[in-house]
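A.B. asks: Spelled out from the first residue to the last, the chains are:
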Amino acid sequence: EVQLLESGGGLVQPGGSLRLSCAASGFTFSSYAMTWVRQAPGKGLEWVSAISTGGASTYYADSVKGRFTISRANSKNTLYLQMNSLRAEDTAVYYCAIIRDGSSSSPGVYYYWGQGTLVTVSS
Amino acid sequence: DIQMTQSPSSLSASVGDRVTITCRASQAINNYLAWFQQKPGKAPKSLIYAASSLQSGVPSKFSGSGSGTDFTLTISSLQPEDFATYYCQQYDTYPPAFGQGTKVEIK
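Chains A and B are the protein sequences, given in the same order. Counting in the working numbering, the first sequence runs from 1 upward without gaps. Counting in the working numbering, the second sequence runs from 1001 upward without gaps.
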């Protein structure tokens, strides 16, 4: 059974940092690109970042570029999102998802999502 | 960047109704269009990809159609478990973009 378990969320002050993790199981993690998508309270879905199977290619939304870093450890079946210089507008539930059929030009199909972890940026 | 616009933003329907949600892209997206269902407090669930292909395990009451810039999601006979928010998403080019969502409520 495919499982994605996000962790690392919590309350952080503006300007602070947080690292999210997404532990994967039930599929061959190293064979799939992965992505992070967030959802602010009561709002819609916003794509954040994506990473290729080996980690060589990464993609970011303009709203997080230069502040967030996506990475992965295939030996640990884990996806990460390092978030620095956090702002109030980064408050959201962060979901990781498995990408199918992605490429350097096409984001691919987000076919399975984890349950999410809540990040709250507030003083 | 490509913008996605869904309509309506919300709708009220009864059990057994046929429901249609539309999604328009700001430019042609080569049918790289997905639909997701999200229930309160839950993660999104993939329903349809490539505009009309059903994800494994998704019931056939859900169907997608369209091409170019205009797409639709149809639920043939609404059931209690279908009351949720539905999102379209283009995955033709980066950055991938979601529609603002359509909340389907019980009449």
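In case anyone wonders, no lab produced these hints; they're calculated from the structure. Possibly wrong hints are sitting among the right ones.
To be verified - Label-pair restraints from in silico Cβ distances:
no., chain 1, residue 1, chain 2, residue 2, range
1, A, Asp62, B, Asn1030, 16 to 24 Å
2, B, Leu1011, A, Ser75, 23 to 31 Å
3, A, Glu89, B, Gly1016, 18 to 26 Å
Stated by the list, open to error - Counterexamples of contact, computed for chain B against chain A with all Cβ distances above 12 Å:
no., residue
4, Met1004
5, Gln1006
6, Ser1007
7, Ala1013
8, Ser1026
9, Ser1046
10, Ile1048
11, Ala1050
12, Ser1056
13, Asp1070
14, Gln1089
15, Gln1090
We put the beta carbon where it would ideally sit given N, CA and C, even for glycine.
A.B. asks: Indicate, hint by hint, whether the structure satisfies it.
C.D. replies: Results for each hint:
no., hint, verdict
1, Asp62(A) to Asn1030(B): 16 to 24 Å, "23 Å, holds"
2, Leu1011(B) to Ser75(A): 23 to 31 Å, "47 Å, violated"
3, Glu89(A) to Gly1016(B): 18 to 26 Å, "41 Å, violated"
4, Met1004, "10 Å, violated"
5, Gln1006, "9 Å, violated"
6, Ser1007, "14 Å, holds"
7, Ala1013, "21 Å, holds"
8, Ser1026, "16 Å, holds"
9, Ser1046, "5 Å, violated"
10, Ile1048, "10 Å, violated"
11, Ala1050, "8 Å, violated"
12, Ser1056, "9 Å, violated"
13, Asp1070, "20 Å, holds"
14, Gln1089, "7 Å, violated"
15, Gln1090, "8 Å, violated"
Violated hints for the displayed structure, listed by number in ascending order: 2, 3, 4, 5, 9, 10, 11, 12, 14 and 15.
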